[in-house]
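Student: Spelled out from the first residue to the last, the chains are:
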Amino acid sequence: MARIKLPTVLRPHTEGSAVVEVDGRTVGEVFSALVERYPSLESQLRGDGGLAVFVNVFVDDEDIRYLDGLDTPVGDDSEITILPAVAGG
Amino acid sequence: MVEPVTGAGFQGETMPLSYQELVAKAKKVISEIEPIDLEARLGSDVVLIDIREPDEFEQGAIPGAKLIPRGLLESSIPNAVPDPDTEVVLYCAGGARSALAAQTLQEMGYRRVHSLAGGFGRWKTEGHPWDVPRSLTRDQKIRYSRHLLLPEVGEEGQARLLESRVLLVGAGGLGSPAALYLAAAGVGTLGIVDFDVVDESNLQRQILHDTRRVGLPKVESARESLTALNPDVVVEAHETRLGADNVVDIMSGYDLVVDGGDNFPTRYLVNDASLHLKIPVVHGAIFRFEGQASVFSPYEGPCYRCLFPQPPPPELAPSCAEAGVLGVLPGIIGSIEAMEAIKVLLGIGEPLVGKLLTYDALTEDFRLLTVRRNPDCPACADEDNPPAIVEYDQFCMPAGSVARTV
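Protein sequence lines correspond, in order, to chains X and V. For the first sequence, our numbering assigns the number 37 to the initial residue and increments by one for each residue that follows. For the second sequence, our numbering assigns the number 1225 to the initial residue and increments by one for each residue that follows.
Honestly, the hints are just simulated from the structure, not real lab data. Bear in mind that the values here come from a model prediction, so they are computed numbers and not experimental data. Please note that a few of the clues may not be correct.
Unchecked claim - Going by beta-carbon spacing under 8 Å, a handful of chain V positions derived as facing chain X:
{"no.": "1", "residue": "1371"}
{"no.": "2", "residue": "1374"}
{"no.": "3", "residue": "1375"}
{"no.": "4", "residue": "1378"}
{"no.": "5", "residue": "1389"}
{"no.": "6", "residue": "1509"}
{"no.": "7", "residue": "1534"}
{"no.": "8", "residue": "1583"}
Think of the CB as a built atom: it goes at the ideal place given N, C-alpha and C, for glycine as much as any other residue.
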């Protein structure tokens, strides 16, 4: 199962969990499973025809924009990081 | 009765030699290098050592030479040149002291030592390049002694820091530790942009300021703290709000920007201006228990817009004032920004170019993510066409696009 690391800002939607483990062979499948479990996440992540522009997703520390996007394969021990843009200082 | 000293013991090789004879004898067993041959090899891997006294060195020396006065040569050389197969050139004022020194190094096992024929005097007369080395005062040598011990910094690096000009955007949570460490490290000029005044609610994390300074402009409070910490530092206060109308003017002339802003519009402004001016930006941002840091080096690595083409909607990006932040967090991220700034200024190590460091304080998890330069980045894809400097309203930023000059 892939491990998804969630930023603080999304944790209210996962009952406070910082890491969620779900099944899926691609990032897209993993996200579908994630949203199925925590439906209120959908509006936070989904944009026109895929992920919202402001959501950065990394599989094993590589940005999926430079891999295969939502089709990027996910292994059993993959770590998926959802990276928010934060501006505080 | 004490026996008078006679010449009986002085025979053959033990005959006393005059200074000139000693030097002539040394020159027979060492190798001399002609100035013209040395000039051709400057900048190669030859180690050049100036063995004169510091006061001679300070008036002019061959670029790249390391000062090790003759009296310290034997004790210092194992550290300065650990490998005896390294090619070493020694020079003094006229080529005599360096001939004797070269002979000693040979005896210590250095196999490829040369003495500069005619020394610095002939070098200079023949018109080879020389300059006045940057040097530190006595007080500075004490203050920065722990830096001087680091081969990666040394006197040359410290002098470079003292000549460096860094602009801090924001004298808040991130700007506080960054400014304090950069001032302590002897970064000679620190510009600070902030239009705010010190508020009591800042003091839980903004360690540049203190209770007595509540109500004072942050740039003034910062100046007091930084010059008290290190009188070598010149603080340039910009008590203004950074906007499209002034960002280029304010950033011009600085070697590097440390971004400790607290909102997206300022971060995009700083990014776009940095692309115009080709100034690297050390980036840091925090939220509650999470922090991020990176270095955006214009046209060499990704820019802020490569990473975040568009800011999130306001409900996903509340500010510290709305969402809270643990006071230590900016201390960690701001200190990382100071470290990155110094690495960039000194050209040492691997700054976070093309990397985003993320930190989660609750799980104590540091992670390095790879950030790539977006070949279609609306801001930095085309070096000849940097983005226009336009201020965006946080709430109505056009999706993934930037304004351009026509």
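Student: Indicate, hint by hint, whether the structure satisfies it.
Tutor: Status of each hint after checking the structure:
| no. | hint | verdict |
| --- | --- | --- |
| 1 | 1371 | violated (27 Å) |
| 2 | 1374 | violated (30 Å) |
| 3 | 1375 | violated (31 Å) |
| 4 | 1378 | violated (33 Å) |
| 5 | 1389 | violated (21 Å) |
| 6 | 1509 | holds (5 Å) |
| 7 | 1534 | holds (5 Å) |
| 8 | 1583 | violated (11 Å) |
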